[in-house]
Amino acid sequence: MSAPAIRARGLEKRFGRAVALRRIDLEIAPGTRLAVLGPNGAGKSTLLRLVAGLARPSAGSLEIAGVVAGKPAARAQIGLIAHATFLYPQLTARENLLFAGRLHGVADPGARADALLEESDLTHVAHRAAGAFSRGMAQRLAIARGLVHDPSVVLLDEPFTGLDRSAAQKLSERLAGLHAAPRTQIVVTHDLGRVAQLADRALLLVAGRIARELRGEELETPALERAWAEVTEGPL
Amino acid sequence: MNVLLAVLWKDLVSEWRSRDRLIAMLVFSLLVVLVFHFALPGGATPRNAQHAPGLLWIAFVFSALLGLGRAFQIELENDALAILALAPADRGWVFLGKALANLVILSLVQAVVASVFAIVFELPILAVAAPLAGVVLLGSLGLCAVGTFFSAMSVRTRFSEMMLPVLVIPPLVPVLSAAVSATAELLRGGEVTFSSVQLLVVADLIYWIVGFVLFEYVLDE
Chain A
1 MSAPAIRARG
11 LEKRFGRAVA
21 LRRIDLEIAP
31 GTRLAVLGPN
41 GAGKSTLLRL
51 VAGLARPSAG
61 SLEIAGVVAG
71 KPAARAQIGL
81 IAHATFLYPQ
91 LTARENLLFA
101 GRLHGVADPG
111 ARADALLEES
121 DLTHVAHRAA
131 GAFSRGMAQR
141 LAIARGLVHD
151 PSVVLLDEPF
161 TGLDRSAAQK
171 LSERLAGLHA
181 APRTQIVVTH
191 DLGRVAQLAD
201 RALLLVAGRI
211 ARELRGEELE
221 TPALERAWAE
231 VTEGPL
Chain B
1 MNVLLAVLWK
11 DLVSEWRSRD
21 RLIAMLVFSL
31 LVVLVFHFAL
41 PGGATPRNAQ
51 HAPGLLWIAF
61 VFSALLGLGR
71 AFQIELENDA
81 LAILALAPAD
91 RGWVFLGKAL
101 ANLVILSLVQ
111 AVVASVFAIV
121 FELPILAVAA
131 PLAGVVLLGS
141 LGLCAVGTFF
151 SAMSVRTRFS
161 EMMLPVLVIP
171 PLVPVLSAAV
181 SATAELLRGG
191 EVTFSSVQLL
201 VVADLIYWIV
211 GFVLFEYVLD
221 E
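Read top to bottom, the protein sequences are chains A and B. Quick note: the first sequence uses the numbering used here, first residue 1, plus one each step. Quick note: the second sequence uses the numbering used here, first residue 1, plus one each step.
Hints are computed from structural coordinates only; laboratory data are not their basis. Predicted, not measured: the structure shown is a model, and the values here were computed from it. Worth double-checking, as some hints may not be accurate.
To be verified - Cut-off 20 Å, straight-line C-alpha distance, at most; resulting in silico cross-link-like pairs (SDA-like, lysine to any residue):
1. LYS71/A <-> LEU214/B
2. LYS71/A <-> ALA115/A
3. LYS71/A <-> GLU216/B
4. LYS71/A <-> TYR217/B
5. LYS170/A <-> ALA229/A
6. LYS71/A <-> ARG47/B
7. LYS71/A <-> LEU199/B
8. LYS71/A <-> ALA82/B
This is chain B alone, in the form it adopts within the complex:
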């Protein structure tokens, strides 16, 4: 637990001082919205609101990939990854600390991006703010667990920026499909089906447990 809190504190303080990852993720997400505007027939307007849930999650995934790619790059400066690997505890705690820090940073970006989507597509997100936040949190938990794990695995490879999306997206398919359908249900004014939530919870549990257990080997040289 000491290790989890230490890594979480270190990552958030470092990010607060530089803010480069947060700003890059925000700007990139907003650029993705701009691209949607030009890609959709009729533009990103209320007429295309039926596409909003899928597009929202595309923006979330793209910004997450950008941020997650950087999560372990900062550990390579001055070879600090060795310090995390030397912590005298199960290295799974390092994984939890890094993944939670990524979740906090991603959540800040998601709050801004969701607000922009709500304005552009005239989505009624205030009416469903609490359940929508729950769905986004469940989807992001899976995203950050898988992303943190593969970010650590790929950071020492020659093409880490290319490797990360290739490694992260396939295992996220069940999480993304459940998150998109749950978001669509909420934005249509309905209720989230139990099966979507069940799939999100089960996938999240699997990813966090597997990440915790296997991280011991990921930090080996």
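Isolated chain A (complex conformation):
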């Protein structure tokens, strides 16, 4: 039996005296699409950054496909896409993808960059500086950058922030398409209306703890809103 894509045991993260995550136990099978929900300060982004290996746990253990999170072999499996684009404004779209490909040791970064630009419908602006891109185009390029090394785990930290309705809808369709490849996805979002489309399992985090786990019909918006109100003791 293969190792879970992500396994956390007694995971905790503290910043000084502030506790961001408390005793998180979690097991995510490969190919799962997980939504992480919760009010501001619940620890959602902290959980994502621990999984990415950008921060170290204060206690407990966290593994990515059986490798301790943060180790180079674990980082190689992670693709991170967030509201910040992680793009270099002075580099062109193609150069941004080339750089990401080289960082990850992609065999032919040029060919991979060209393929991703075409997939993202950005070939016509491949040689334009990323700093001149609209928010929607920059987000499409950011997704391509996050996928340049074909990661098995894709982390999405509030990717809809700052997008207009049309751009958000396109992004939603693009993210749904990612699931065609056997990837594990974790998406942090405040947008409860998109959860059913993006995930097949959800965690509701409150004050650093998993307050509720939801699946199937519980991911539909009315059920999610009820669950939210119960665990946060108030409506949205």
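With the hints as your guide, set chain B onto chain A.
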């Protein structure tokens, strides 16, 4: 090695496109020379050539601090520092790539500043160009290793511009003292003593190795 070359390429291309760091370092260094002119009794003239080695290194350090402070600021635009931290290799390679890019940019500035010093103080730098370049390179290797390391450490602090000089200058004291005395020996027409070169090489090795090993933790949030 992929990561080192990727970071070096990215930093140099980005700098070539904007040139803001290079221009700021150059202008600042030349302003420092202007300040020396007013600060020295008799001005920055051949009469004060005995002060030139120390002043030259002050100009180098000031311009380096300005450039090094910016080295990781560009990574904060769009939160790109996370991408470097996610590279699936020892993060020490990121350190080497960033430090080498800083060294290339600083060397360009140093070439101009040294030429200006040579004209103003009538220094015989052409006669000692090769050994002087070696001494400047050894001093700059230490400067860039320490500066890159502390630039990454301080970039997410509230007062990073103030923190950087406070963190960088104390560990650089042995490098600067050896570099200044070696530069003075060369400009006096003598030869560089072995002890100065030895100190520069040993300090550089220590700084680059320590930077490589500890950078893994510097990029952690």
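Task: Which numbered hints fail - done: Result: hints 2, 5, 6 and 7 break, sorted rising.
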